[in-house]
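What follows is each chain in one-letter form.
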Amino acid sequence: MNADEFWKGLWRENPIFVQVLGMCPALAVSNTARNALAMGLATLFVLVASNAVVALLRDFVPKQVRIATFILIIATFVTVVDYTIQAVSLELHRALGAFISLIVVNCLILGRAEAFASRNGIGRSILDGAGMGLGFTLALFCLGAVREILGSGSLFGVALFHAEFQPWVIMLLPSGGFFTLAAWLMLFSRWRAPDA
Amino acid sequence: MSTPAPLPTADPSAWSMARALVGVGLVCGLLIVFVYEATRPTIERARAEALRRAVFEVLPGAASSQSFEPDENGRYIPAGANSSSEEIVHAGYDTDGRLVGLALDAAGMGYQDVIRLLYGYATEAEAIIGVQVLESRETPGLGDRVESDPGFQANFERLDVSLAADGQTILHPIEVVKPGEKQHPWQIDGLTGATITSNAIGSILRVSTLARLPAIHARLGDFEPKDSEPGDSEPGDSGKEVAP
Numbered sequence: 000m001n002a003d004e005f006w007k008g009l010w011r012e013n014p015i016f017v018q019v020l021g022m023c024p025a026l027a028v029s030n031t032a033r034n035a036l037a038m039g040l041a042t043l044f045v046l047v048a049s050n051a052v053v054a055l056l057r058d059f060v061p062k063q064v065r066i067a068t069f070i071l072i073i074a075t076f077v078t079v080v081d082y083t084i085q086a087v088s089l090e091l092h093r094a095l096g097a098f099i100s101l102i103v104v105n106c107l108i109l110g111r112a113e114a115f116a117s118r119n120g121i122g123r124s125i126l127d128g129a130g131m132g133l134g135f136t137l138a139l140f141c142l143g144a145v146r147e148i149l150g151s152g153s154l155f156g157v158a159l160f161h162a163e164f165q166p167w168v169i170m171l172l173p174s175g176g177f178f179t180l181a182a183w184l185m186l187f188s189r190w191r192a193p194d195a
Numbered sequence: 000m001s002t003p004a005p006l007p008t009a010d011p012s013a014w015s016m017a018r019a020l021v022g023v024g025l026v027c028g029l030l031i032v033f034v035y036e037a038t039r040p041t042i043e044r045a046r047a048e049a050l051r052r053a054v055f056e057v058l059p060g061a062a063s064s065q066s067f068e069p070d071e072n073g074r075y076i077p078a079g080a081n082s083s084s085e086e087i088v089h090a091g092y093d094t095d096g097r098l099v100g101l102a103l104d105a106a107g108m109g110y111q112d113v114i115r116l117l118y119g120y121a122t123e124a125e126a127i128i129g130v131q132v133l134e135s136r137e138t139p140g141l142g143d144r145v146e147s148d149p150g151f152q153a154n155f156e157r158l159d160v161s162l163a164a165d166g167q168t169i170l171h172p173i174e175v176v177k178p179g180e181k182q183h184p185w186q187i188d189g190l191t192g193a194t195i196t197s198n199a200i201g202s203i204l205r206v207s208t209l210a211r212l213p214a215i216h217a218r219l220g221d222f223e224p225k226d227s228e229p230g231d232s233e234p235g236d237s238g239k240e241v242a243p
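Chains A and B, in that order, are what the protein sequence lines are.
In terms of numbering that gives the first Met the number 0, the first sequence opens at residue 0 and continues consecutively.
In terms of numbering that gives the first Met the number 0, the second sequence opens at residue 0 and continues consecutively.
Just chain B, with the same shape it has in the complex (with noise of 0.2 Å):
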């Protein structure tokens, strides 16, 4: 190793102690501010993509979809291209313009880390019937197989969520129960080597669901097509999506 030259020892005045932290701190910040507005535009196409990809993917079946926010009276009117809201639901119509099902939103705690996912809700089948995960930083190996193992998929294939009578509930709750047990159409089947991970996604469905559906399908009707055929729609024009 060389030998290093020594640190200057004089006593630094105040001004010159001030001077380089301030200056150094200006130069920071103007640097991450500028790094931050060159790459934002990208961050935003590509989290704006992966999202319309896992869309298409929840809903199979269809060829268009158009995004939705409630408004104060709880009515839902098609969403502006930069809302963030949290309760956003994406509608996803077929060729011929019927609805297919509609793309929800959820997240809750994992094994590691918050998990967010997106799942996709057949409104006539009152099921799940896809499910994405969007973030997550479960182990790899383990808790990341929710993602790609298809036994586990298979249980979102048509996971029923029905409403109750009254429509203010769901009939039976998600749950999860040991891999190879699943007896009900309302059941998950548990993955081996990510208990969990796999209890996670149960619960952050069952729990969504719960808060979610019944309100929302009280709305069904603010998702249907109104003024023109969402499958002619282009990409971009008033909202709408076509699948890739």
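Chain A with its partners taken away, still in its complex shape (with noise of 0.2 Å):
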């Protein structure tokens, strides 16, 4: 059961494929490999971190207020993973962008707070998290892979094609963040659903 709460995450219940959630980053920060890898394990420990906390003090705060507090408990998480991805790598940092902070608004976050983890308790909070946040970062980094692969000719920095290859700009755009989303939608579905 409880390792079921974990995989549901990476395929069943993707947050991206399935759930089509946190929409924002997955078009924004998914034109290159690196870009994406290091936005979806920025997530991956945000949900985690915030999942576990939200199930332990779910007796304690009352549901009128708990969605005040559970944005506390995000966007301070959020900070803790800006700073740190500032203290690693500045160059890092530097190509995030603005988008560190915003995963404080992203759906999918507050959605298994809200759904899951103030419902449930640690263990398996923490679980649904870990297996949400490699289902979003797998799915990023699919869109990223496709994304620096077609629109640089490269993946992680690496060129892949001869320098005649010329790279389809577009992928890098944010038209490209839609086409490439479109195309994993409709490989994902067939997969899930052959005869849908």
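No false leads were slipped in.
Which stretches of chain A does chain B cover? Using the computed rule of at least three CB atoms under 8 Å from a CB of chain B, they are:
(1) 51–62
(2) 72–80
(3) 86–95
Derived pair list, reagent style SDA-like, types lysine to any residue, alpha-carbon separation capped at 25 Å:
(4) A:LYS62 <-> B:MET16
(5) B:LYS177 <-> A:VAL168
(6) A:LYS62 <-> B:GLY28
(7) A:LYS62 <-> B:ASP10
(8) A:LYS62 <-> B:ALA19
(9) B:LYS177 <-> A:GLN165
(10) A:LYS62 <-> B:ALA17
(11) A:LYS62 <-> B:SER12
(12) B:LYS181 <-> B:ASN198
(13) B:LYS177 <-> A:LEU172
(14) A:LYS62 <-> B:LEU25
(15) B:LYS177 <-> A:ILE169
(16) A:LYS62 <-> B:GLY22
Honestly, the hints are just simulated from the structure, not real lab data.
Glycine included, C-beta positions come from ideal geometry on N, C-alpha and C.
Dock chain to chain to rebuild the complex, using the hints, since each chain is given by itself in its own frame.
In structure tokens:
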């Protein structure tokens, strides 16, 4: 049962490909594989930490003030991530730009706090957060890898094609994010329900 | 999906609501302050190191540098270690202690957000001899090519910013032209696919040079080495830095 709490976020209830949550970072920060991976991991950390704390405090926080409390908890962990990334790599912080702060309003995180962590124990909530976070990271990486390969001709900055390759610049622009997401959604739906 | 347990429905007292909000707020506040204080020295060191590297990048030939800031009379004096003045000027010296040029900070709006850059000003040649982007959120693969495109970077090998005869303004303010149409040493060849960003870089440099260079040029004596040879200094010795 517990293993299912983890695995459901990766496949059956994948935040991007099934629940279609957290679209702002999914489209905005998936222009390179590295940015997508870093954003996914930052979100994973915030999701696990906030789920754990929300589950821990679920009997202490009256439901009338729960949204304000959840936002406070989420914003705190986002700030922690923001300073930590700055301390680890200024260059990475530069690349992720304003999107780190916007993890606060990623509906996936508040959604899991409200729908799962506030009603379940700490162990299950951590598993749920880890599964959803990894599912989010995986989906972001799928988007980022395709966009970087086609848009820049490279993966993690390593050139993949001959010098004659003309990058599809549109893949790096917002419209490229929508195209790639649509293609992945189609593929994912086909995998999950081949007869649909 | 698992069946969620229902949320408690009893009406809470005002005290329990206030206790939850204030309690969580207090702990969150303390955690943020703790993390900020714990990471601050590392972040400041990394920023200073990035700036130090950029100073030597934009002033080729410099072996040591020192930062200056204007005092209330407009005279440039060595800046303190924690100075955050926006008018700070980094002077670069060669191995013989001669002034190579000055590195200046400039910022302006790009395509997505503010671009901050550092440019090197050769005082004798009265030209910009290097530009480094310190902060930018331009589109990867397009706008951010202003940092990596060799053709665009070549604009800043010797970009003329000579002062007019009266020393009050720049003779030919910097201008950005269409790619391949550069004819004069004060022009910047634009970059195809990064039109807005390359125009923004030109505009940031034009505004900054017009506003700052005449005043700085009039006080060049302030940057000349005085007591000791800057080339002989050690890092951290009276604020002087040596090249990496």
